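Chains as they are written, first to last, in this note's numbering: chain H, 72 to 181; chain R, 294 to 411.
Hints should not be assumed to be uniformly reliable.
What the hints assert, rightly or not - Which residues of chain R face chain H? A few of them, derived with a C-beta cut under 7 angstroms, are:
1) G335
2) L336
3) V399
4) F402
5) A404
6) G405
7) L411
If you're looking for bench data, these hints aren't it; they were derived computationally from the structure. Keep in mind it's a predicted model, so treat the numbers as computed, not measured. Don't be surprised by glycine CBs; every beta carbon is placed ideally from N, CA and C.
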Amino acid sequence: KNEVEQSPQNLTAQEGEFITINCSYSVGISALHWLQQHPGGGIVSLFMLSSGKKKHGRLIATINIQEKHSSLHITASHPRDSAVYICAGAGVAAGNKLTFGGGTRVLVKP
Amino acid sequence: NAGVTQTPKFRVLKTGQSMTLLCAQDMNHEYMYWYRQDPGMGLRLIHYSVGEGTTAKGEVPDGYNVSRLKKQNFLLGLESAAPSQTSVYFCASRSWGGKVSSGANVLTFGAGSRLTVL
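Chain R on its own, in the form it takes in the complex:
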């Protein structure tokens, strides 16, 4: 049981290049999230999905696109990378519904992807 797997773990891009971060979870979770973490800023939500085929914008969606064609995968795309997108990106997933006391709805995070845009 791998949990949440993010690829790649590290990437260096030049301004204007494009790339896709992949998040895969094997827990059959409905909800998936992409966050970015910057020094002194804490975690900020980029986009999220409440189920296969659905996506929604978070706090800082500009410059990013996402897709959730399969329930287990949530892709984060940068069409034209900018230095301001240098950050550590975290994917997370969680189940929906169920009793909190039973452990449902607990968040599981990926290990993070460190992206540098030169």
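Isolated chain H, as found in the complex:
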């Protein structure tokens, strides 16, 4: 059983819409990473958070430690935001190995 669950698997939005991607994780995860991967492209780390909220441009990531839940929000979405977004939980053991969610494929239509 995957310790990190993401939803939805796929999401289509119109340009300008507000997008939310959810990530739930299990016990033993000390921090949550949000990653972005464009089609055929590399993987970029967007955020790492262990509490509260972080904002970078139109992207906002929040985490609720008690509920073991994190969300990634994209405000005023744009076609260039089309990508796969992946959440990954970092374990507390040595090496802080990541457990990856299945990814959310986001398509923003103009």
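Following the hints, complete the assembly by docking chain R onto the known chain H.
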């Protein structure tokens, strides 16, 4: 500052051939990881290292070996390639310790290496 560099970017092998993927980072990161990404499977950890001279197995280590003789380099070897090892391989590195709020521990990925085994 190049970040994480993977070589080669593309390679085609025949079954049974051997090869080595090189990951180099110039950020003085302690932790380094090798992942493979397959359609519908997401990223899976092959091997990782928490420091120079140390390596450990991840989720899918069979058929691969690794070495970390220098802190900046993490090598992934395939001794006898099989078609099941056709995949895109990603290397990543991160620092250890420090406050999350200061930006420590953020992962940096290489651009990926696409390997095809015929």
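- Task: Would you pick out the hints that fail for this structure and give their numbers low to high?
- Result: Going through the list in order, the structure violates hint 7 alone and respects the others.
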